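Quick note: the sequence shown uses our numbering, first residue -6, plus one each step.
Derived by calculation from the structure, the hints in this document are not laboratory data. Some clues are possibly wrong.
Within a straight-line C-alpha distance of at most 20 Å, the following computed SDA-like cross-link-like pairs (lysine to any residue) qualify [stated by the list, open to error]:
# : residue 1 : residue 2
1 : Lys1      : Ile21
2 : Lys23     : Phe6
3 : Lys1      : Ala28
Values in this document were obtained by computation on a predicted structure and should not be read as measured data.
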Amino acid sequence: MCLAIPGKIVNKFEADGVQMGKIDFDGITKNICLA
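Construct all of the structure, not just a fragment, from the sequences and the given hints.
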């Protein structure tokens, strides 16, 4: 299931060959897969 939760991409990076991003959700940051 896909949830449309608005967030701001703070940083993009690569981990084990996968594009990842640090996303800010109104003060809470999470590392999310961008693939």
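Here is what the structure says about each hint:
no., hint, verdict
1, Lys1 <-> Ile21, "holds (11 Å)"
2, Lys23 <-> Phe6, "holds (13 Å)"
3, Lys1 <-> Ala28, "holds (16 Å)"
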